[in-house]
Every structure is written in structure tokens, then in C-alpha cells.
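Chains as they are written, first to last, in UniProt numbering: chain A, 1 to 573; chain B, 1 to 425.
Incorrect hints may appear among the rest.
To be verified - Straight line, CA to CA, 20 angstroms or less: simulated PhoX-like cross-link-like pairs of lysine-lysine:
#1 B:K36 <-> A:K565
#2 A:K565 <-> B:K271
#3 A:K278 <-> A:K314
#4 B:K363 <-> A:K565
#5 A:K523 <-> A:K513
#6 B:K298 <-> B:K206
#7 A:K254 <-> A:K355
#8 A:K342 <-> A:K323
#9 A:K494 <-> A:K278
Just so you know, the hints here were simulated from the structure itself, not pulled from any lab data.
These numbers were taken from a predicted model, which means no experiment stands behind them.
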Amino acid sequence: MIRSFMCISFLLFTFLYHPYTTLASENSVAKALVVYSSNNSSIDEHQRKLDLLIGHFTSDTEFVSTNEFEPKHLEGVTHVFYQGIQKDNLDNLSKALSSFEGTIVAFGNNFEQLESTYSFVHSPHRENYNELILANKPESVIETSIQEVLSVKITSESRVLAWAKGGHQTHPMIIKNGQSYYIATGIINSQLKILLAEVFHDVFAQPHTNEKQGYIRLEDVHPLVDPVKLKQVARELKDRGIPYMVAVIPVYTKEKSGKQVHMSDYPEVLEVLKYMQKNGGSIVLHGYTHQYRSTETGEGFEFWDVENNTPIYKPANESGAIKSRKDFHNNQAYREYLDGLKDFETSYISNKITKGIHELHGFGLHPLAFEAPHYTMSQNGYQTLSNYFSMYVGQLQLSDDNWEVMEGSPYITRPSFLGGMTLLPETLGYIAPDDESAVSKIMKDAEQYLTVRDGMVSVFYHPYLGIERFTELLDQLETLPDIQWIDLKKQGTKVETSDITIEANNGTIHVDKNQLSAIISSKMSFNYFVRTTVDKVTWGMVGVGSLAVLFFSSYTVLSYRRLLKDEGDEKIG
Amino acid sequence: MANILLYTSLFLIWIMLFYHMFLMQGGYLHSIHYRKTADKWLNGAMNLPTVSILIPAHNEEVVIEKTIEAMLSLQYPENKLEVIIINDNSSDRTGEIADHYARKHSFIHVVHTRPPHAGKGKSGALNQGLKVSSGEVIVVYDADNTPEPEALKSLALGLKNDPKAGAVVGKFRVINAETNLLTRLINIETLTFQWLAQAGRWFWFKMSTIPGTNFAIRRSILEELGGWDEKALSEDTELSFRVYNLGYHIRFFPAAITWEQEPETIRVWWKQRTRWARGNEYVILKYILSFHKLERKKIVIDLVYFLFTYLLFFGGVIVSHTLFVTNLFFDLNLSGGLVSYLLLVLGFLLFVTEVTLALSFEKKQLTIKNFFIILFMYFTYSQLWIILVVYATYLETKRVLFNQEVTWYKTQRFKQDTSEKRSAS
Chain A
1 MIRSFMCISF LLFTFLYHPY TTLASENSVA KALVVYSSNN SSIDEHQRKL DLLIGHFTSD
61 TEFVSTNEFE PKHLEGVTHV FYQGIQKDNL DNLSKALSSF EGTIVAFGNN FEQLESTYSF
121 VHSPHRENYN ELILANKPES VIETSIQEVL SVKITSESRV LAWAKGGHQT HPMIIKNGQS
181 YYIATGIINS QLKILLAEVF HDVFAQPHTN EKQGYIRLED VHPLVDPVKL KQVARELKDR
241 GIPYMVAVIP VYTKEKSGKQ VHMSDYPEVL EVLKYMQKNG GSIVLHGYTH QYRSTETGEG
301 FEFWDVENNT PIYKPANESG AIKSRKDFHN NQAYREYLDG LKDFETSYIS NKITKGIHEL
361 HGFGLHPLAF EAPHYTMSQN GYQTLSNYFS MYVGQLQLSD DNWEVMEGSP YITRPSFLGG
421 MTLLPETLGY IAPDDESAVS KIMKDAEQYL TVRDGMVSVF YHPYLGIERF TELLDQLETL
481 PDIQWIDLKK QGTKVETSDI TIEANNGTIH VDKNQLSAII SSKMSFNYFV RTTVDKVTWG
541 MVGVGSLAVL FFSSYTVLSY RRLLKDEGDE KIG
Chain B
1 MANILLYTSL FLIWIMLFYH MFLMQGGYLH SIHYRKTADK WLNGAMNLPT VSILIPAHNE
61 EVVIEKTIEA MLSLQYPENK LEVIIINDNS SDRTGEIADH YARKHSFIHV VHTRPPHAGK
121 GKSGALNQGL KVSSGEVIVV YDADNTPEPE ALKSLALGLK NDPKAGAVVG KFRVINAETN
181 LLTRLINIET LTFQWLAQAG RWFWFKMSTI PGTNFAIRRS ILEELGGWDE KALSEDTELS
241 FRVYNLGYHI RFFPAAITWE QEPETIRVWW KQRTRWARGN EYVILKYILS FHKLERKKIV
301 IDLVYFLFTY LLFFGGVIVS HTLFVTNLFF DLNLSGGLVS YLLLVLGFLL FVTEVTLALS
361 FEKKQLTIKN FFIILFMYFT YSQLWIILVV YATYLETKRV LFNQEVTWYK TQRFKQDTSE
421 KRSAS
């Protein structure tokens, strides 16, 4: 009986559990296929950028190179994207697409081989541009660095949705013809992605409401931050009624001594964090130590080996470069070696994440999302992370070869490479300590993101900079029209380890835990738990002891009086 | 490390203090309730049982006469009473005095023990007395006791009215309380012990410990148990455990009052209390080692209590004292802070309020003078107990390790000024 009840409630739960985001839920039947021509047979940052944009509408996206493409890949597909980064032969694809009835979006080169569909564009030649303009919002001009566009001629029945402008010349950048779209470059740069984000609503026929979103994230909050400044910032946000995120690093590693300090060593900071969690703030786990080698917390990378520009493939103190294929006799041996490296990375990340969640949980803080230090993490890292978190905050590293290749998206998205995690992108950067015009830069960038109907304006701020610059930033951000500030506690997030499940929805956090193991699994928070418990118990002892003293004193008076009365009675008797 | 020790000792001490608060609450309630029971029983008509009073006496010439006189003034039908004085290998006039009374009063009998069945301590003497006794109820008085006339009747009625009671324990008062500071301290201590530990445990758990004197026990039980344990230094505690184990409870009935003499010098006090402490430690060890064999697990309550009293509580106190002193010279980085000072003060206040409460149950005990003695007591007499328990534990450990035989120290008696008798009543 009980068991069947549990089954039913579990089923109900799975159905009811629906993340609240503006992600495409009304039309989630969209299934995308991305076919690409690039010098890399496996997918790289260019495809992932596309993935980020498509992820706003569907996570059901498959990537194949033109060499791998077979007609069966089109089964059930509603949207085909062709990304022509380099010249290629598209015979196969062209044939298959001739009978395809869904939407097609082609980028860059080789479109002319898709002749049945792409007869509406012709005569490409290369031109430069440095401005982008949406056709229906000619007033918003997005400046770029000098980029290359494949300038094309178009037929009269085609419609230009966006223009690229270089000097006095304008070139069609996004062109629509019926159910087909052409984008006049294979490379999606950070400005083009904003236009694409807006246009993709049309591509996927998901109009979405014109609801802008945003968030404010307090960055790098570790045990050594100034609790006074932190509290000031928290109060300001509370007073303005703005929900926000706090990126917490549970452990601070001192650079010189390598000594680690925990939240339990700085209970004042912990108290402020608890205050924040209660008053609009949501905790985001920002790594465990924010460092890998013995560098100071906040400076270091935790999930990327910057020295070697590789994922974390070996213990920090182990020297020596990562081997390459030529160091091995055969492919088999090399593959095994690579698998070993990946396993090391997986367990390294798992260990740190689990520690972080458990330690914070032990302190009464409930992380609801994750943000990698310096946004750096490998693809395998994201997959590993997705076992623990349902929501990722910040930007994403898109290449496993170079940490510097990173990107956000203009809106909330769930790209296929995040293993089911939702990205709450950070779009506007932060207030750099020595940049006095930082706020105006942020405001200028915000305008660009607001051209997307449900675009995201999100910033992060280091509380150590103090309250003045923060109020300046908030004052400016509040001039933006109708921003919905994201409250993570209302996003239906889920964080899970083998011992704890933290879920947040409708503004409340629910923790399901195997209490004992969750506490014991983190030595730090266990010690803290013991310390705070001891503290509570000893004060309880003081309370009960004082009561006893009061009671016994009054009993004594009562008893003494009774005895006097007895004696009086005896004398009378 | 120092902090772990600090908190461990703090908790050990406070577990005990909380338990004492709880017991004191019970003691207070019992101080109100028992009067009603006493009124009902003493005024109701009831067929009294036959009683044998056992008085073990080893070189008790100083006090025995007065004790026998007290027996003569007990309000109890003579045909249902026998008083058996066990003159246990005395080398003084104890036997002579006892014989003198036996000749005059038919219900007084004297058993003279001689080696090898003699001088083996109180348990041995009591067993000898038990052999020749015939009463349904056995009552024990120490040779320095002067029970009040109604005491015996109260004990006997306690057993008669409460079939579940294996034994009934009366209250003892200190006859020489006014003699000197030590006896005043002992007086306060014994009153507190009886109202807190005895009355409190009776009230909550229907348990109390048989003291050496002024108690009645069913003959049937003694026979079933085979008498007293002659190896036990505190035969009374040991006997209590065995009575519980048979499923009986031990009633604390303060209506039965006896007056007894307490040590007047530190040396005598020290020896007597060392024997008690060692005796209780013996009992803890004996029953912990054979715990699985016990039938009534209720004994756990007392076993744990004794374990706490003699080992953990004093251990905690010693550790906390050591930390306190060490911290005066070296910074131990203790993180106790304000709360530990508050607890220190509260511990003292609890002691004072509990002891004054216990004194308030007795006429003319809650005096200004006694109040100051209580304050003084905390820092002196109570602390002396710590050293004593350490010493007793050392002796007991040695005895167990080297398998030594126990020697029974008989408490030295003092000649009383008769005018002092019941001066406090």
C-alpha cells in the first residue's frame, strides 16, 4: 500500500516538477539537427555557440558533420541548421533536404549547393562590417569589431531580417524566404548572437512574451570577505526588494601558507550569508576552493589547469606535461591513457562539488546553482556537474583546448552539451575596481541585450568594493524598463548528492537529506555542527539551570512557611 | 584538545546536575506526599508483624548502652519483638553490657561471635544475627543509633502496607550535629543526600538505597538472597541491588527516624567515607561485569547513577579543575567563553538552592548559620570528596589488580554528652 502510494506520488512529482523559466515549454516538440562543415570532425565552440542559441527553444538537438550525415538523421527533425564554416561538398545533405518539409537555417559557405532551397540568395562575395542592425529595430545599432560577411544578392520575395553595415554599405545578414533562413556568416560572434537570439523566436515559431529578465550576483564571497560590507550590500538589495544570487566559495586558501579557512572559522560571514538566504539571496556554489594549484582563492582556477591549458588531469603537485599520441605505440594505449585522464578529472570535480554542497549544507546554506571559477570547465566537467546541479550560472567555456573560448547566451537556455542543466547566462560583466566607467559600459551593453524580446541583463558585483558603487549600479539598473529579477528559489532548481537533495520552487527551499551522513560527510560542517550544537546545548543548560534555581528557591520558601505553620499548630494544639 | 576535554567534562558534570535537579524535584514532592501516607498508616489499625532487630556491634562500649536503651523505649508489642545484639569479636565491654540487658529483658538476645566466624565486618555479623533470628521482618540498627520510639512501627507498617516493598528505609538524623564544623557539614550532607537522592529516587523510580541502619527488610527476601555479601564493603548498596533484582522496590519512608552519630574528626570521616566510596565502586564493578545476568534492568538507573557519581562526575570535575588551574598559567585557548562562566556560577547556585531546599524540610535546620555553612561547604567539604574519591578509586583499582582481600574498617565512636541528644529536634 505504502509502496504504491510512494510510486504514485513519485509519478505525480515528476509530472508536476517543471522548471519555471521562459524556456520553450509550449513548443518543446521542436527537434533540431545541426549539420556542420568545419576542419574539426568533432563539434567545437562554433557548434556549441549555436547550441546555446537553439537551447532556448529545444534541448533535443543533434550534431553531425557533413561526412557523418545520413538521411536517417532527419527522422522526426523539425529544424535543420547547416553551419558552413568552410568549403565542403554537400551532395548528401542537399539530396536529403530536397524532400525535407521543416525549417532550414543555413550559415555561411556552401549554401548554393542546397539549390532547391537556397535559390533566393546568390552571388556571394566577402565584405567587412562593423555594425549590426535588426530590420524591425533600426534605431538599435550594435557595434562590432571588423568582421567578415558573405555579402549576397537576394530575390525580391525574400525578406532581410538583419543587416550588416560596413562603411556606407549595408549587406543582408539574416534573410528569410518562406521557411528557410540564410545567415551570411558561419561564425557566430558575440554581437551576432544577439540578433540571432531574437530571430530564432521566428525560426522556432515560439513568440515568447516580451519579458526581460535579469539577475544580480554577488561574486567571490568566501570566509575572509568583510561581513560588514557584505551585510550593507545585502540590506540594500533587501530594501529595494531585488532578489539576487551570492556566489559562495566555501574555503579560502591563503596564498603564502596554503592554510585553508572555512566558513566556520568566520561565523560573522556565515551569519550574513544566512541573513541573505533568508532575505532574497540565493546561494550559488562557486567552486569549493576557487583554486587548483596553491594560489590564493579568487585568483586561481579550480576546474582548469591554466598552466597546461588542459582540464584537471593530474594532482596539482604532479609536474610533467600531458602526453600526446606520439608517446604511445598504438591508438588503444593512447585511448586508455585519455580515459584515465578523464576519470581523474571526473572524480576530482565530483569530490570538490560534493564537498562544497555538503559543507555549505552543514552550515545551513543551500546552494541552488553552480558557477565555475572564472567560468572555466571542460565539457566532461559540465557532464559531471549535471549529476549534481540542474542550474548553471554565468558563462560557459566552449572549447576543451583553450579556456579563453567562452560565451554566454542572450537568454536563458538549455543547450544539449550541458547534460540537462539550464544556463542562467551572465551577459553584462562586472564592475572592475579601477574602471570608473564600468557602470555606463554595462548600461550600454544592456541596451543590446534588451533588443532580444526575452533577453537577459545580468551582472556580478564584488561586495568588497563597498556599498557606494553598488548603489550606483543598482540605481542605473533600475532605470531599465520592466526587468524581472530572477529569484533562484522560484526557478524549480534541484541540487543532488548521494546524501542530500535540495529543491527550490515557489520561493521555498526544500531539503531532503540523510541528515547524519550529510553532516558527517563534511568534516568541516560536522565540526561546525558540533560547535553550534554544543553552544545551543550549553545555553539550554544555563536556561534550565536558572529555572531550577528559581523553582528550588520558591519551594524553599513554601516549605519553610509550611514548617512554621506546623509548629504554630502544634503549639496551639 | 583542551576544548574537547572542557566540554566533555562540562557535559559530564551537567548531566549529573540535571539528574540531581530532577531528583530534588521528586524529593520536594515526596516531602509533601509522605506525610499523608504516614498519617494513614500510623493511625489505621493493622496487625503488626514479628520483628527481629539486628544490632551488629564490634567494640561499641561507648555507645551500645544508649542504643539498647533506645530499643527499650520503642513503641512495639514486646511479644512481637526480639532485639539481637551481635557482639562481633569485641575486645571491650560491649558483650558485657549487652549481656547485662539481655538478662533483664527477655526479648533481648546477644550473639557472641568468635573466630573464625567473627570480626569479618558488618556483613558477617549480620549474617550471624540472621541465623538466630525468628521475626518475619528483619530490622537493622547500627550500634550508635537511637531510633525514635515510633521508628520501628513505621518501618514495620511500611512493609505491611506495601506488599511490593522488599525493604523500607527510614530517615537518619545526626545526633552530634552541633558538636563541631565537621559534624555540621555532615548533618547538612546527610539531609541533602536523603531528600535528594533517596526521596527523589523513591518518588520517580520507586528505588532508594538501603543505608546501613534504620531499615526493615522481609526475612523471606534475605533468605532467598542468602543473606549479606560478606565481600562487599558497602553491604547495604549491594543488598539494595539484589532486592531490586528480585523485582521489589525499596521504599523511602521518612516517618521512621533514627538518630546516629557521625564522625567528629576528619581522620575518622576519611576512613569511613573511603570505605563507602570503595564499597560503591565494588558494587558498580560487580554489577557492570554481570549486567547481562540481571533480571530487572531497572537497576540500570542506579548503576548508571553510581557510575556517574563515582567515576564520570568526579572525573569531569577533576578535568575541569585541572583545566581551570592550567589555564591560569598557560593559555589553553579555551573557547568556553561567557557560557562556561555562567555554568560555573549556576552550578554553585544549584548546589546552594538544592541544599537549602533539603534543609527547609526539617525543623530548625534552615538557619542563617547553616546557610553560611552551605556556602562554605561548596568550596571545602565538597572538594574534599573529590580527593577522597580519587583515593578510594586508587585503592579499589589496586585491590582488583592485585586481588587483595578487603578489610573492614569499623567507624570509631565518640562519647556523647547526653544533654546534646536531640538538641536539634
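Original post:
Of the hints stated earlier, which fail here?
Top reply: Checked against the structure, the hints that fail are numbers 2 and 3, while the rest are satisfied.
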